[in-house]
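J.: Keeping their order, the protein sequence lines are chains V and H. Quick note on this note's numbering: the first sequence kicks off at 391 and runs consecutively. Quick note on this note's numbering: the second sequence kicks off at 16 and runs consecutively.
Worth double-checking, as some hints may not be accurate.
[Stated by the list, open to error] Now the in silico label distances, taken between C-beta atoms and shown as ranges:
no.	chain 1	residue 1	chain 2	residue 2	range
1	H	Ser33	V	Arg590	38 to 48 Å
2	H	Ile34	V	Gln599	46 to 56 Å
3	V	Gln599	H	Leu81	41 to 51 Å
[Said to hold, decoys possible] Simulated pairs of lysine-lysine, BS3-like, Cα-Cα distance not exceeding 30 Å:
no.	chain 1	residue 1	chain 2	residue 2
4	V	Lys545	H	Lys97
5	V	Lys545	V	Lys469
6	V	Lys545	H	Lys36
7	V	Lys469	V	Lys501
8	V	Lys545	V	Lys616
9	V	Lys485	V	Lys545
10	H	Lys59	V	Lys545
None of these hints come from the bench; they were simulated from the model. As the structure is a computational prediction, the values presented were derived from the model and not from experiment. Cβ atoms here follow ideal geometry from the backbone N, Cα and C, with glycine treated the same way.
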Amino acid sequence: MSGQVVVVTSGKGGVGKTTVVANIGTGLALSGQKVVLVDADIGLRNLDVVMGLENRILYDIVDVVEGRTEVRKALIRDKRVEGLSLLPASQTRDKTAVTEEQMKCLCDSLKEEFDYVLIDCPAGIEQGFQNAVAGADGAIIVSIPEVSALRDADKVVGLLEGAGLTDPYLVVNRIRMDMVRRGDMLDVSDMTDILGRQVRLLGIVPDDQSIIVSTNRGEPAVLDPKSRAGQAFRNIVRRLLGEEVEFMDLNEGGLVARLMKLVGLAK
Amino acid sequence: MLDFIGRLFGRVDQGSSSIAKKRLQLVLVQDRTNMSPEVLEDLKTELIGVLSRYLEIDEVGMSVELDRSDDSIALVASIPVKSVRARSVQTDSLKSARVGE
Ligand SMILES: Nc1ncnc2c1ncn2[C@@H]1O[C@H](COP(=O)(O)OP(=O)(O)O)[C@@H](O)[C@H]1O
Ligand SMILES: [Mg+2]
């Protein structure tokens, strides 16, 4: 079997990479895929707490590449979802602790066993980024509707291309339709306009308090049937698996908002 | 004042997002053209080569820059001409070859 290695990246920090990895990964596993999440943000280990698996770590990615343990022993199986595992980052080492060559090797061996290998990339575009993308077959760029994040996303598109990763997916995170409607937030169409045909829109995730609640609990929002962000992630998963799924209508404003839009008073 | 009237009667959809979009589009043209000083130097050398076939130019006094004005990016070249070679070219300086949209 040969699975796919997908790196989740953004350039800018704090836009939702770790959240996206946790939710897409959990969603894919819920759909019956065998998934491993790799935390490549070495030194700033986060994916374990977002997944609620922080108390079960014995070994980390650096232990694996330095040969102190086998990959199998370092993987933490998620007991809630069949087929979902995590390879945690090291908290005590830094971004130079894993080389590009080691990362490639690791990814190649993981995709023998899993359908999806999702890599949580560190912020920035230096060595940590280069390492994280080294073994990838595809990329998901996460961005939020803000000038600086989009500028960084555009830069990352170019760098990914340089690493042989063309046509990345785009996930637009933290959109607020109330702000979009009053013209104070870039809309998804603005974002795809700006980034151009070089990216493929994979999903639109609303800014949603349920993300914070789910992070507090260590249970990805995709597991919560009532979460709107969770719904957005479930749609993303179906698209990744080849289904055509319409983009969610995020206009919760209802009739008034729709009327305003109709008569041209709002976008 | 004009600005104020503009805001009073202006289009409702002129929120900060349209400003953001415009600024982004401009900054990305700059980012993407990625004119490092070396590349710009190469461009200058090649320009001199082409221009010298028609004009005798003052290489020391010339300047070639990417310039950001209000709503576009321009390649602005100011090239002093010492004399026109025996051809039918009459311009004495070459300006504003547009780049991008
Ligand atoms: N759609 C969302 N709605 C609300 N909060 C979000 C959303 N996505 C991410 N966040 C919050 O934003 C912060 C940064 O997210 P994180 O996934 O850690 O980003 P990154 O990994 O890119 O640094 C976290 O506190 C997270 O809970
Ligand atoms: Mg992160």
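J.: Does each hint hold? Answer for all of them.
T.: Hint by hint, here is what the structure shows:
1. H:Ser33 / V:Arg590: 38 to 48 Å: 25 Å, violated
2. H:Ile34 / V:Gln599: 46 to 56 Å: 28 Å, violated
3. V:Gln599 / H:Leu81: 41 to 51 Å: 44 Å, holds
4. V:Lys545 / H:Lys97: Violated, because 42 Å separates the two Cα atoms, which is more than 30 Å.
5. V:Lys545 / V:Lys469: 38 Å, violated
6. V:Lys545 / H:Lys36: 16 Å, holds
7. V:Lys469 / V:Lys501: 21 Å, holds
8. V:Lys545 / V:Lys616: 36 Å, violated
9. V:Lys485 / V:Lys545: Holds. V:Lys485 to V:Lys545 sits at ~20 Å (cutoff 30 Å).
10. H:Lys59 / V:Lys545: 26 Å, holds
Going through the hint list in order, the structure does not satisfy hints 1, 2, 4, 5, 8.
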